[in-house]
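S.K.: Spelled out, the chains give:
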Amino acid sequence: MSDHSPDNFQGYAKRCFTIFGVVMAITLMMVAVHFAHLPTALGIGLTLVAAVVNAALVAGYLMHIVSERKLTIIVLLFTFFFFAGLFVLTLGAHYSLPWGTSMH
Amino acid sequence: MEIPYTIQPRPDTGTYNAKIGMWLFLASEVMLFGGLFSSYILLRVGAPADTWPHGWLNVPLGTINTALLSLSAITTLLAWVACKTKNYGRFKLCHGLTLLLAVTFLGIKAYEYRDKFLHYEVRLTDGRIADGHLEEKSKDFDLAKKTGEVVLHGRIVGSQAELMTHGKAADMKEIKVAAADIKRMQNYGPWHNTYLAIYFVLTGLHALHIIGGILIIGYYWGPGSAMWFTNHELFTNRIEVSGLFWHFVDLVWIFLFPVLYLM
Numbered sequence: 004m005s006d007h008s009p010d011n012f013q014g015y016a017k018r019c020f021t022i023f024g025v026v027m028a029i030t031l032m033m034v035a036v037h038f039a040h041l042p043t044a045l046g047i048g049l050t051l052v053a054a055v056v057n058a059a060l061v062a063g064y065l066m067h068i069v070s071e072r073k074l075t076i077i078v079l080l081f082t083f084f085f086f087a088g089l090f091v092l093t094l095g096a097h098y099s100l101p102w103g104t105s106m107h
Numbered sequence: 007m008e009i010p011y012t013i014q015p016r017p018d019t020g021t022y023n024a025k026i027g028m029w030l031f032l033a034s035e036v037m038l039f040g041g042l043f044s045s046y047i048l049l050r051v052g053a054p055a056d057t058w059p060h061g062w063l064n065v066p067l068g069t070i071n072t073a074l075l076s077l078s079a080i081t082t083l084l085a086w087v088a089c090k091t092k093n094y095g096r097f098k099l100c101h102g103l104t105l106l107l108a109v110t111f112l113g114i115k116a117y118e119y120r121d122k123f124l125h126y127e128v129r130l131t132d133g134r135i136a137d138g139h140l141e142e143k144s145k146d147f148d149l150a151k152k153t154g155e156v157v158l159h160g161r162i163v164g165s166q167a168e169l170m171t172h173g174k175a176a177d178m179k180e181i182k183v184a185a186a187d188i189k190r191m192q193n194y195g196p197w198h199n200t201y202l203a204i205y206f207v208l209t210g211l212h213a214l215h216i217i218g219g220i221l222i223i224g225y226y227w228g229p230g231s232a233m234w235f236t237n238h239e240l241f242t243n244r245i246e247v248s249g250l251f252w253h254f255v256d257l258v259w260i261f262l263f264p265v266l267y268l269m
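As given, the protein sequences belong to chains S and L, one line each in that order.
Take 4 as the starting number for the first sequence in my numbering and just add one per residue.
Take 7 as the starting number for the second sequence in my numbering and just add one per residue.
Treat the hints with care, since some could be wrong.
Cut-off 25 Å, straight-line C-alpha distance, at most; resulting in silico cross-link-like pairs (SDA-like, lysine to any residue) [said to hold, decoys possible]:
no., chain 1, residue 1, chain 2, residue 2
1, L, Lys151, L, Gln192
2, S, Lys73, L, Gly27
3, L, Lys92, S, Asn11
The hints are simulated quantities; they were obtained by calculation from the structure and are not laboratory data.
Sequences and hints are given; from them, build the entire structure.
M.R.: Printed below as a string of structure tokens:
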């Protein structure tokens with residue numbers, strides 16, 4: 004039995020709290036970036052990357068996506084495709100300007 | 007009639023029905039929140055300069071709520087592990103903690119909502135704006151009849167753009183405003199501006215998911231836990247599926263917090 008198997012409470016709990024610690028450390032880093040008043044683009048970029056890493060940790064390890072069945076992965080890939088499409092189409096429409104014009 | 011594959015995995019999907027059903031439900035939830043997040047981004051990038059608020063939300067409270075929800079995601083997972091290891095006491099403890107953390111999260115959110123509903127923007131007849139928390143309304147206060155006065159704890163600014171950044175605590179003072187000097191008065195509810203509208207929609211929908219999760223987890227922690235003794239495997243699967251939902255709620259907050267509070 005692996006130390007990280009759900010059949011071993013202590014080992015599993017240790018792994019869970021390690022992930023919690025990492026998620027909180029990344030969250031505090033995001034808060035530090037907020038109060039550091041970095042240039043807007045850099046601040047938003049760092050914060051979004053940190054949020055994606057946090058989400059990947061929760062989805063991958065706490066929701067067990069890393070060890071999920073193929074069907075679940077396919078469902079999630081389709082979801083991600085359409086989710087990304089929402090943002091690409093929305094922002095694409097916003098920044099789509101006629102030739103010769105520019106954003107205010 | 008017995009419903010098949012509630013415990014054993016279906017040969018074609020490789021998992022039991024409730025779990026694949028939950029993943030499909032979560033996929034639809036991703037699209038629901040995705041639509042709202044993309045709306046937020048469209049509103050934000052389309053807002054003219056100096057019209058999008060910064061620092062209106064309480065970052066320390068948001069950080070505490072992130073910690074509470076992340077910790078509750080761990081306790082709900084450990085409740086499932088307690089089911090797998092057949093330790094009833096641990097299951098009760100872990101899911102009890104999940105409920106406690108979830109209720110605390112909602113309590114903090116309610117406090118933040120209350121803060122917004124007590125915060126007023128008061129347009130004065132001389133063109134200035136008084137902005138702050140409502141401390142007191144005189145008994146005879148009537149805006150339509152122009153009688154009485156209100157007391158705010160806040161600041162007076164000269165333009166709308168100045169309101170977009172939160173003032174320093176040192177600049178806040180008690181302000182008495184007579185009804186006769188008020189042109190318009192409105193609190194920071196969802197009707198106040200676009201930012202607050204999308205803030206209340208996103209966090210309100212998230213809070214509804216938290217309430218839904220509390221009801222489900224509360225049921226399996228309380229009366230539903232009788233199934234532990236009658237059909238343990240089915241009970242374990244239900245705890246796993248409800249845990250997936252709870253992790254999704256945590257996942258949504260992981261994006262809500264930086265988007266609304268920090269950016």
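S.K.: Hints numbered earlier in the text: which of these fail when held up against the supplied structure?
M.R.: Structure breaks no hint.
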